[in-house]
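Using the sequences and the hints given, assemble the complete structure.
Protein sequences, first through last, are from chains A and B.
Just so we're on the same page, the numbering used here is the position in the first sequence counted from 1, plus 13.
Just so we're on the same page, the numbering used here is the position in the second sequence counted from 1, plus 1.
In case anyone wonders, no lab produced these hints; they're calculated from the structure.
One or more of the hints may lead you astray.
[Said to hold, decoys possible] Below 25 Å or equal to it, Euclidean Cα-Cα: the simulated SDA-like pairs (lysine to any residue) are:
1) B:Lys314 / A:Gln240
2) B:Lys9 / A:Ser152
3) A:Lys97 / B:His405
4) B:Lys259 / B:Ile275
5) B:Lys314 / A:Lys81
6) A:Lys19 / A:Lys81
7) B:Lys9 / A:Gly126
8) B:Lys400 / A:Asp69
9) A:Lys70 / B:Arg399
10) B:Lys9 / A:Glu131
11) B:Lys19 / A:Arg111
12) B:Lys157 / B:Asn118
13) B:Lys314 / A:Glu181
14) B:Lys314 / A:Lys19
15) B:Lys19 / A:Asn150
16) B:Lys9 / A:Ala154
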Amino acid sequence: MLISVKNLKKDYSEGEVTTNVLRGITFDIHKGEFVSIMGPSGSGKSTLMHILSFLDKPTFGEYFFEDKEINTLTDDQLASMRSKKVGFIFQSFNLLNRATVLENVMLPMIYAGIPYSERVFRAKQFLSEVGLDHRINYSPANLSGGEKQRVAIARALVNNPEVIFADEPTGNLDSKSGYQVMKILQELNQKGNTIILVTHEKNTAEHAERIIQIKDGLIVGDNKVLQRQFFDTEKEELKK
Amino acid sequence: MDLRETVKNSYLMLVRNKMRSFLTMLGIIIGVMSVIVVMSLGESAQGLILNEVKSLGSNLIGVLPGKSDDSGPPASVYGIVITSLKNNDGQEILKENHPNVEGIAMYVQGTDVVSWNATSVVETFVGTTASYINVEDAKIEDGRFFTVDEEMSNAKVAVIGSDVAEQIFGDQEPIGSQIKIKKTNFTVVGVFEKRGGGLVQSQDKQIFVPIKTAQNLLLGINYINYMRIKVDKPENIDSVISTTEEVLRRNHNIQDPKDDDFTVRSSAAALDAISQITDAIKFFLVAVSAISLLVGGFGIMNIMLATVQERTKEIGLRKAVGATNFDITLQFLVETVFITFVSGAIGIILGILISWIVAVVAQALDYSWPLIISPWSIFLGSFVSISVGLIFGIVPARKASELHPIEALRYE
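Written out as structure tokens, the structure reads:
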């Protein structure tokens with residue numbers, strides 16, 4: 014089992030008011046799965062993703078990653094887990110405009126302690142895989158939205174993570190770039206990568222094999238996708 | 002994350018934000034620069050003064066009125082008038098016939114208007130004994146120095162320094178001319194050779210008259226300001242000092258050395274005393290310029306705090322991709338230290354440049370001004386700028402590392 018959560022709860026207190034964002038979430042995710050976590054805004058899906066990706070800690074409940082208890086880890090151990098086990102793709106890309114495309118992709122490897130020459134080699138390799146060879150010395154500020162997200166994907170992959178977390182990855186993209194990104198994610202999944210996609214769009218969620226639906230901090234559905242969406246490169250259009 | 006990487010990032014940060022980097026650095030640059038300049042100028046000025054004292058000769062003993070403690074100068078140095086030293090003190094010492102004493106000169110001093118024809122200038126006049134020429138190794142360019150007879154008989158004769166001659170007489174012949182000091186006419190009998198140097202007291206800029214004439218006609222006093230005793234060899238100085246002290250105690254009816262109303266010092270001891278004063282001034286100035294370093298430090302802290310705010314999202318991202326709190330602290334600390342270190346280096350270079358310019362100008366103005374840049378000041382400059390970076394970088398760096406990754410990522 015790659016991920017296993019049991020009765021996960023998360024409360025936020027602001028002054029006297031306590032908000033129960035997650036109210037008892039239980040599920041398992043196997044290695045190699047492509048899972049969408051879907052729900053309206055405020056449902057708690059982002060909070061769940063933050064906990065799953067070691068960015069936040071639950072208030073209550075258990076979280077096992079590769080059968081290892083996560084809740085007891087220190088901040089530094091969590092940082093190490095983020096460095097080695099997960100890759101992030103954000104809605105707003107979160108690229109550093111001060112650095113070049115290549116440097117952005119090299120960034121996670123700095124914290125993983127990988128030597129410089131290896132970093133350059135691997136960053137170039139992954140940028141080539143997302144088709145951005147010609148952009149390595151650009152500033153991300155000068156790239157299109159689709160290109161930015163592909164840089165982010167390369168960055169998410171460089172440390173060979175166990176899981177890729179994609180938080181509304183198509184939210185800031187036009188539909189064509191969005192489909193391209195989803196296609197890359199599907200290809201990565203076919204190669205064996207585990208992908209967890211967080212979205213509020215049914216259409217986007219249906220690119221995955223399985224959808225966990227969340228509402229008001231509880232799971233309201235956990236089903237296989239019967240009619241999975243694929244992006245057909247040949248016809249450049251969506252096919253069901 | 003290794004340190005070299007962090008330093009390289011800091012460099013890029015600096016280069017990609019030139020204007021802000023420059024403004025951030027300005028405070029430290031000015032601070033370090035002023036420390037270097039003040040230290041260098043202080044040392045050079047000290048060197049100049051000490052050279053001057055040394056130029057008087059190492060075989061001179063000074064006798065000043067008033068008691069002083071072991072190392073400090075007597076109060077008369079600071080301009081306080083003490084009247085305990087009289088003409089007959091010098092004569093008594095002479096009478097003692099110490100074999101190593103080559104001469105004793107006594108001095109009084111004043112400043113007043115000196116006029117010749119239509120020219121009127123304010124000059125310093127020195128009343129001294131005929132022995133001056135021997136004790137101070139003074140050289141006459143033109144004419145002669147006044148004689149013992151003239152000294153004893155209130156003669157109205159004057160010997161003038163080379164600058165004074167030029168100032169008052171220009172191209173005219175000074176010898177034989179009548180100059181008026183404070184309503185009394187003096188006949189110029191000699192002009193000194195130019196001696197050069199001289200910052201505090203320069204023979205070139207003074208007028209010399211017999212001591213009694215000065216006391217009676219110009220100043221209306223019966224005491225002397227100080228005397229100098231010339232000893233044949235430096236190794237006999239201690240012996241002459243003790244004889245001098247004995248004579249003066251006897252002459253002043255003093256039993257206990259604690260009650261001394263005079264100070265006898267060799268020029269070596271005077272050097273020490275002067276060094277002490279100039280050291281104190283130097284350290285005071287360095288302390289003042291160090292305050293600007295402190296101000297510069299706060300300036301940097303302010304900018305770094307703003308930078309942390311501005312780069313919140315970057316910090317969030319770095320944490321998301323695996324940076325530990327220590328990595329983030331280190332990154333910002335190294336950035337601050339890098340900025341202050343570069344500023345320090347620039348400050349040191351500018352400081353040396355300014356000190357050099359001052360030395361060139363001073364030397365062009367005929368002062369024997371040495372250019373002294375002590376390695377100590379450069380070390381201090383680098384050390385302080387790095388410390389400022391460490392001290393003022395800590396707060397912003399801690400603040401950056403304590404950001405929660407999610408809140409940082411969401412920050413707009």
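Against the structure, the hints:
{"no.": "1", "hint": "B:Lys314 / A:Gln240", "result": "violated, 38 Å"}
{"no.": "2", "hint": "B:Lys9 / A:Ser152", "result": "holds, 18 Å"}
{"no.": "3", "hint": "A:Lys97 / B:His405", "result": "holds, 19 Å"}
{"no.": "4", "hint": "B:Lys259 / B:Ile275", "result": "holds, 23 Å"}
{"no.": "5", "hint": "B:Lys314 / A:Lys81", "result": "violated, 30 Å"}
{"no.": "6", "hint": "A:Lys19 / A:Lys81", "result": "holds, 13 Å"}
{"no.": "7", "hint": "B:Lys9 / A:Gly126", "result": "holds, 16 Å"}
{"no.": "8", "hint": "B:Lys400 / A:Asp69", "result": "holds, 19 Å"}
{"no.": "9", "hint": "A:Lys70 / B:Arg399", "result": "holds, 22 Å"}
{"no.": "10", "hint": "B:Lys9 / A:Glu131", "result": "holds, 18 Å"}
{"no.": "11", "hint": "B:Lys19 / A:Arg111", "result": "holds, 13 Å"}
{"no.": "12", "hint": "B:Lys157 / B:Asn118", "result": "holds, 18 Å"}
{"no.": "13", "hint": "B:Lys314 / A:Glu181", "result": "holds, 18 Å"}
{"no.": "14", "hint": "B:Lys314 / A:Lys19", "result": "violated, 31 Å"}
{"no.": "15", "hint": "B:Lys19 / A:Asn150", "result": "holds, 21 Å"}
{"no.": "16", "hint": "B:Lys9 / A:Ala154", "result": "holds, 22 Å"}
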